[in-house]
Amino acid sequence: MAANVPLVPSADVNPVDFASSGAGAFPTSPAVSGTEFADMLAENIDHLDAVQDKADQLSVQAATGDLDALHDYTIAATEATVTTQLTVAVRNKAVEAFNEIMRMQV
Amino acid sequence: MMGAFSVLDIAGSSMGMHQSWLDALANNISNVNTTTSTDDDAFQAEMVVARARTSGGVEVTDIEKGSAEGRVVHDPDHPLADADGYVRRPDIELSDQMSDLIIAQRGYQASVQVTKYAQDTYNAALQIAR
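Quick note, the sequences are listed as chains A and B, same order. Take the first sequence: its position 76, counting from 1, is numbered 76 in the numbering used here, and each next residue is one higher. Take the second sequence: its position 11, counting from 1, is numbered 11 in the numbering used here, and each next residue is one higher.
In isolation and in its complexed conformation, chain A is listed as follows (with noise of 0.2 Å):
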């Protein structure tokens, strides 16, 4: 009986390349190093660095009165203090994560 699944001729699947791919016969992975993500981290407290200062000027105009509009420093104010607790939150994970991994056993 013939199959009905039609045959692909095998040099049409996909060939692995062993000349071109210079690390063997293995596929490189996406280069998910640490290095990213202690960028992404710096930028991240620069960003909150940032917020913090604009929400000290406009505090210091509120008290000395020359701000128009108040509600501007307490919604900086309240921006500050979210994006420094999530900062803390995102070091406390990743501490967390790095303890994990030091701890396993090899």
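Just so you know, these hints were derived from the structure itself, not from any lab. Don't take each hint at face value.
Claimed, not checked - Result set (DSBU-like, lysine-lysine): computed pairs, CA atoms no more than 35 Å apart in a straight line:
| hint | chain 1 | residue 1 | chain 2 | residue 2 |
| --- | --- | --- | --- | --- |
| 1 | B | Lys65 | A | Lys93 |
| 2 | A | Lys93 | A | Lys54 |
| 3 | B | Lys116 | A | Lys93 |
None of these values were measured; they are calculated from a predicted model.
Chain A is already provided as a structure; the job is to place chain B on it using the hints.
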């Protein structure tokens, strides 16, 4: 990251608009009895023109002035009365201004509530990470 706080930005824009509206209304109400002579313009009521922003929220585009003619009233004892005894009073209905005042205040309060609920939402999201 800024996208997460767009709710606060929108609520903030609303509070700004309502505050401008309250300022204009307060100005109108305080000048409801400002009498001028017929040679000058009457006190013109300020009306805030608001428009929706494309990025969400509201902005004040213009502050329109009311009629400069006002109401010509016969008051010969007034120091500014002209030869026929007429003075100009502003064309402002105090009842309209007062009801607008309540509407503006409620609008401001509603935006403040939005901010509070947004804060609660952010705190709830942070709880996940604790």
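(message) For each hint given before, does the structure comply? Return the numbers of the non-compliant ones in rising order.
(response) Hint 1 contradicted; others consistent.
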